[in-house]
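Trainee: Read off the chains here:
Protein chains: 4
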Amino acid sequence: MAAGGGLRVEQRHGKARVRVGRVWRQGADGSHHFVEWNVSISLLSHCLSSYHRDDNSDIVATDTMKNTVYVKAKECGDRLSVEEFAILLGNHFCSFYPQVYISSSVIHSACYSLKACVCTHLCFLVYCYKVYTAIVNIIEKPWERVCIDGKPHLHGFKLGSENHTVEATVQKSGALTLTSGVAGLALLKTTQSGFEKFVRDKYTILPDTRERMLATEVNASWRYSYESVASIPKKELYFSEKFMEVKKVLMDTFFGPPETGVYSPSVQRTLYLMGSAVLRRFPDVASIHLKMPNIHFLPVNLSTKENPSMVKFKDDVYLPTDEPHGSIEATLSRITSKM
Amino acid sequence: MAAGGGLRVEQRHGKARVRVGRVWRQGADGSHHFVEWNVSISLLSHCLSSYHRDDNSDIVATDTMKNTVYVKAKECGDRLSVEEFAILLGNHFCSFYPQVYISSSVIHSACYSLKACVCTHLCFLVYCYKVYTAIVNIIEKPWERVCIDGKPHLHGFKLGSENHTVEATVQKSGALTLTSGVAGLALLKTTQSGFEKFVRDKYTILPDTRERMLATEVNASWRYSYESVASIPKKELYFSEKFMEVKKVLMDTFFGPPETGVYSPSVQRTLYLMGSAVLRRFPDVASIHLKMPNIHFLPVNLSTKENPSMVKFKDDVYLPTDEPHGSIEATLSRITSKM
Amino acid sequence: MAAGGGLRVEQRHGKARVRVGRVWRQGADGSHHFVEWNVSISLLSHCLSSYHRDDNSDIVATDTMKNTVYVKAKECGDRLSVEEFAILLGNHFCSFYPQVYISSSVIHSACYSLKACVCTHLCFLVYCYKVYTAIVNIIEKPWERVCIDGKPHLHGFKLGSENHTVEATVQKSGALTLTSGVAGLALLKTTQSGFEKFVRDKYTILPDTRERMLATEVNASWRYSYESVASIPKKELYFSEKFMEVKKVLMDTFFGPPETGVYSPSVQRTLYLMGSAVLRRFPDVASIHLKMPNIHFLPVNLSTKENPSMVKFKDDVYLPTDEPHGSIEATLSRITSKM
Amino acid sequence: MAAGGGLRVEQRHGKARVRVGRVWRQGADGSHHFVEWNVSISLLSHCLSSYHRDDNSDIVATDTMKNTVYVKAKECGDRLSVEEFAILLGNHFCSFYPQVYISSSVIHSACYSLKACVCTHLCFLVYCYKVYTAIVNIIEKPWERVCIDGKPHLHGFKLGSENHTVEATVQKSGALTLTSGVAGLALLKTTQSGFEKFVRDKYTILPDTRERMLATEVNASWRYSYESVASIPKKELYFSEKFMEVKKVLMDTFFGPPETGVYSPSVQRTLYLMGSAVLRRFPDVASIHLKMPNIHFLPVNLSTKENPSMVKFKDDVYLPTDEPHGSIEATLSRITSKM
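Chains as they are written, first to last, in the numbering used here: chain A, 10 to 348; chain B, 10 to 348; chain C, 10 to 348; chain D, 10 to 348.
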């Protein structure tokens with residue numbers, strides 16, 4: 010959008026890292042359910058008076074956003090998936106803050122609302138949506154119910170490994186983009202991986218191999234095909250189940266059958282197989298982004314002139330490293346998708 | 010680009026967190042110069058055979074990329090800015106790896122190179138650029154020359170506060186996008202900040218104030234207007250100096266004059282003034298992105314029914330918090346820019 | 010020990026964060042075993058010439074220590090517990106580096122080896138142990154074998170939650186102190202916790218409660234009673250099993266029975282019960298240290314004058330916080346122990 | 010102290026990570042002063058009823074400790090050093106919570122207060138100090154006054170590099186142990202460092218060198234000789250100045266003269282010179298602990314059979330590493346000190 014002083018301003022503001030824990034005690038068997046969410050909200054609005062002048066009348070205070078998260082969490086009397094909560098919040102922010110009319114006199118001097126007014130100088134009366142888009146990101150911590158002597162505990166939880174993430178972008182029109190993900194899924198296999206016949210040039214030292222460790226920390230996010238708030242499945246905890254199923258497909262494809270595994274000729278190929286397996290299996294997933302750093306476990310080969318083979322690598326002793334790491338990422342989407 | 014199995018694949022691969030230290034000992038006065046860079050490289054190429062088949066013949070091994078960083082650092086006999094090094098690396102990767110011709114028979118079965126071949130099934134001979142874009146990100150650590158008794162030390166350095174970042178995107182054509190930035194610039198003022206007359210609704214608790222702390226950690230990145238590798242200024246260490254100057258303008262605007270400061274009616278307004286000052290001052294900066302979380306220092310006000318005013322806030326005792334924080338970000342650009 | 014210049018010097022040097030991955034492929038069923046260890050070594054020696062003079066003749070280079078870790082990992086042809094590997098390393102460093110004789114002339118001027126020589130100025134020939142104590146700390150990452158469709162995978166692993174730690178202190182004499190631990194075991198229960206009838210004074214605001222969340226991140230370390238390298242149990246993977254069992258006792262005691270749980274009147278009381286359960290159950294554990302921060306989940310209670318009960322806490326909506334946190338720690342030991 | 014069930018319990022509890030910001034606006038010139046402290050408190054007390062029984066009557070709630078920090082910060086109307094604030098807090102906790110008398114009947118069954126009662130079963134009336142020792146740790150963030158155009162700003166601050174730490178241990182008797190420190194002081198020199206003539210054995214690969222980079226992150230803490238709260242210097246901001254001076258001596262010794270530097274034959278030797286310079290210079294420093302990891306900058310030497318010298322090291326291109334690192338630490342103290 011255009012701006013006073015010949016500058017264009019694109020902005021967002023919000024509240025990040027709003028943490029909320031929610032307990033539901035409704036189980037008929039006395040069991041408690043618990044989630045811990047870390048919520049970040051960004052609101053996009055056309056009105057820029059707070060940038061261009063000392064005028065905060067268009068700003069929803071980020072403190073108010075924080076309060077809203079707690080009020081809404083309270084209002085959710087029944088368990089819901091983190092995806093549903095993100096949509097619910099996004100929907101609230103887009104619908105609660107009404108459009109405001111701004112007289113042309115204000116516009117004249119500042120001309121900060123180009124998109125809404127279309128014409129620049131002839132406008133008489135324009136209106137400006139306080140909030141036209143809300144972007145809600147939530148990270149759900151992996152609190153898992155513990156088992157004591159093989160029985161699930163009614164109110165005891167232990168932190169697991171990888172996080173469940175969600176990003177819901179909700180428009181005032183009800184249009185929705187919904188992306189779920191898993192973050193920090195660290196996987197490793199001790200064999201059935203190689204890398205050979207790549208480009209060799211004068212900077213190349215790495216030898217070809219058909220036997221190496223393969224370790225990565227999968228960060229995956231998949232976009233659902235639901236394009237409006239109204240169209241999402243009404244089935245209870247639908248997205249929570251889906252999350253578990255997608256994670257299972259990713260892991261099954263990475264590892265292969267329990268006895269034989271599956272050979273990985275490159276991280277690229279394995280990534281492709283993982284992503285395409287998810288798209289094949291879940292018709293309501295429109296695309297998937299996979300970020301799979303190649304976390305190197307270097308073969309150890311100590312040697313000196315005096316001791317030509319102090320430790321000679323035989324696929325047994327490795328040096329794990331965090332840096333540098335190969336970075337491999339790709340987005341797979343259906344060709345028919347509009348993405 | 011299109012892909013076998015009805016899937017579209019967008020991908021990049023590279024090497025992240027390649028660390029390099031470089032010493033130049035050329036000073037006539039015996040002084041050493043030193044930089045420490047953390048380099049991440051992403052290469053984009055049309056060829057997707059490594060994804061679609063067990064064929065790595067198009068992959069530049071990330072280990073080779075790492076080696077290249079060291080060879081190039083060695084070849085830089087004279088000091089250079091981190092921006093120049095990023096461009097130099099990007100240029101290398103785009104020009105060193107030549108196009109390859111792929112016969113139609115290969116294409117026929119896989120059809121993985123749609124963009125290059127245009128037609129899908131009638132192609133006879135297509136060529137495929139191994140690398141058409143290189144994205145190089147570097148973080149320069151703030152090693153600063155120490156002074157001993159007021160004199161600069163010839164070879165002694167101490168780590169300072171905020172990092173210098175750069176992202177150079179280089180195309181095979183020589184087209185360039187160059188963005189410099191500062192990361193982690195933590196600033197705070199104890200007065201001359203307020204926030205009032207914002208939207209009040211039923212979720213609002215925050216009172217209006219004209220007296221509060223203002224603390225933030227500025228993450229800024231500005232895009233230079235140079236659009237090709239050939240057009241960047243030849244002046245030695247041009248971008249290193251520019252970095253210092255931009256940082257100074259950002260800080261001067263945030264703080265205002267040393268005696269009086271400048272009143273901030275909102276983080277939004279202060280952000281806008283900082284960004285527009287940079288654009289006004291530096292003609293070769295096309296746009297600037299500022300991310301300025303509002304890191305809250307909450308007034309402490311302990312009270313109980315028995316002790317109605319145990320600690321009553323008088324602009325003196327605060328609770329600093331990391332979470333939640335307000336998140337305010339915006340991009341300012343010249344309206345004439347093509348961005 | 011005494012030192013030239015009237016200064017006493019107590020020192021240690023070593024190598025920290027030596028990472029090693031070890032694969033064993035010996036399984037009759039074709040299964041691989043894998044561990045990832047992060048090893049830190051500290052050596053204590055009487056000789057201080059490297060501190061007092063420009064003389065490194067007593068220093069084992071930390072690079073050599075690193076190499077030794079890899080050589081020893083290689084030499085371990087059979088799986089072993091992280092405790093056994095720590096002892097093996099400690100033993101090596103204490104026995105491999107022999108005592109050295111130092112002529113009195115050297116001693117005369119420096120007198121840096123008081124403990125070994127006893128007399129200060131009359132000594133004729135003293136000997137100095139290069140290394141008299143080795144302290145080996147290892148963190149084992151929680152790589153867990155994955156299951157695919159209910160069957161354990163032969164070579165696939167996934168990162169779990171909490172780390173296994175060990176500290177072995179080995180003396181030249183063979184004396185041993187062996188401590189195992191679990192780090193980062195995050196536990197939470199949604200009820201069966203309270204805190205009441207504590208000291209109330211004019212700084213107290215916290216109300217009594219019999220219903221609150223209880224969350225903590227247990228860091229436990231327990232010292233085994235084996236006092237020499239020779240006396241440790243020979244049973245294969247003895248300490249690996251013990252680690253799992255101690256962790257189970259800690260968790261069982263924290264949570265109580267799956268249906269009813271157990272009421273916690275304070276973190277202190279719960280900590281005590283956990284520690285004493287371990288000591289009661291495992292005769293070869295001499296003492297246990299438990300560090301259990303009280304990670305607060307604060308009841309949310311938003312209210313303003315206008316909205317006196319915007320969100321009223323009913324044991325359902327909480328604000329999880331990282332800071333501040335209560336810090337509670339204690340060591341429990343048998344009265345008969347020599348500790 | 011002894012305990013029911015044949016267990017000995019040593020315990021402490023407290024509040025960690027209590028953050029407080031304090032502004033003083035008293036400057037005659039209108040200048041503001043500002044500090045940000047992160048306070049952790051541990052209280053030691055003989056009474057163990059909260060561990061042995063469901064009885065919290067001896068516990069000072071950690072929430073109360075937190076409140077106390079804010080009340081005390083408020084009461085400090087004049088600027089004071091972080092050391093003084095730590096002592097002030099420690100003193101408060103030891104003197105505010107009075108001794109309590111416990112009748113023998115209570116003792117009889119539990120016998121949890123051995124130290125106070127001396128006799129075990131014959132005791133008639135014992136008393137128990139609620140708090141006999143307070144340990145206060147504070148980290149002061151390096152907020153530094155900014156200069157605008159060469160003039161110090163009245164209320165603007167920027168975050169610098171290394172933290173100032175303090176640990177004050179205060180006894181009910183008024184006895185004091187006071188330790189100040191600097192954390193995260195990262196230093197580097199590009200020459201004037203070597204390492205040679207160390208122990209060579211069959212695990213040694215590292216070559217001798219007289220030319221290498223030397224980089225470290227100094228963590229230093231020094232104990233002052235003041236042994237009671239009453240004996241500390243009354244001079245305003247005494248310890249704040251001392252902190253700056255000690256840091257200067259450490260840095261001056263590490264780097265040597267600005268033109269020539271000083272040769273370091275080992276980290277050990279340099280550490281010793283730094284510590285002894287502090288002890289020599291400051292009579293009221295009784296001892297100093299220095300932890301100086303050797304953060305390696307490895308010479309880069311890429312070579313293959315085909316390219317025997319792709320990048321040959323000539324003291325110019327290095328690989329900086331975080332792990333592994335050499336760990337060197339030592340405590341230097343005056344021989345006459347009681348430590």
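The hints are simulated quantities; they were obtained by calculation from the structure and are not laboratory data. Watch out, some of these pointers could steer you wrong.
Remember, identical chains collapse to one label, so a pair may be satisfied in a single copy or spanning two.
Said to hold, decoys possible - The list that follows gives simulated cross-link-like pairs (lysine to aspartate or glutamate, DMTMM-like), each with its CA atoms no further than 20 Å apart:
#, residue 1, residue 2
1, 181, 236
2, 323, 261
3, 323, 45
4, 321, 87
5, 321, 38
6, 206, 254
7, 323, 84
8, 83, 245
9, 256, 153
10, 206, 226
11, 181, 19
12, 167, 19
13, 206, 261
14, 83, 325
Trainee: Determine for every hint whether it applies to the structure shown.
Mentor: For each hint, the structure was consulted:
no., hint, verdict
1, 181 - 236, "within (13 Å within a copy, 37 Å between copies)"
2, 323 - 261, "neither (28 Å within a copy, 42 Å between copies)"
3, 323 - 45, "between (45 Å within a copy, 17 Å between copies)"
4, 321 - 87, "between (60 Å within a copy, 17 Å between copies)"
5, 321 - 38, "neither (59 Å within a copy, 26 Å between copies)"
6, 206 - 254, "neither (35 Å within a copy, 48 Å between copies)"
7, 323 - 84, "between (60 Å within a copy, 12 Å between copies)"
8, 83 - 245, "within (18 Å within a copy, 51 Å between copies)"
9, 256 - 153, "both (16 Å within a copy, 16 Å between copies)"
10, 206 - 226, "neither (25 Å within a copy, 43 Å between copies)"
11, 181 - 19, "within (18 Å within a copy, 30 Å between copies)"
12, 167 - 19, "neither (42 Å within a copy, 27 Å between copies)"
13, 206 - 261, "neither (27 Å within a copy, 53 Å between copies)"
14, 83 - 325, "between (54 Å within a copy, 7 Å between copies)"
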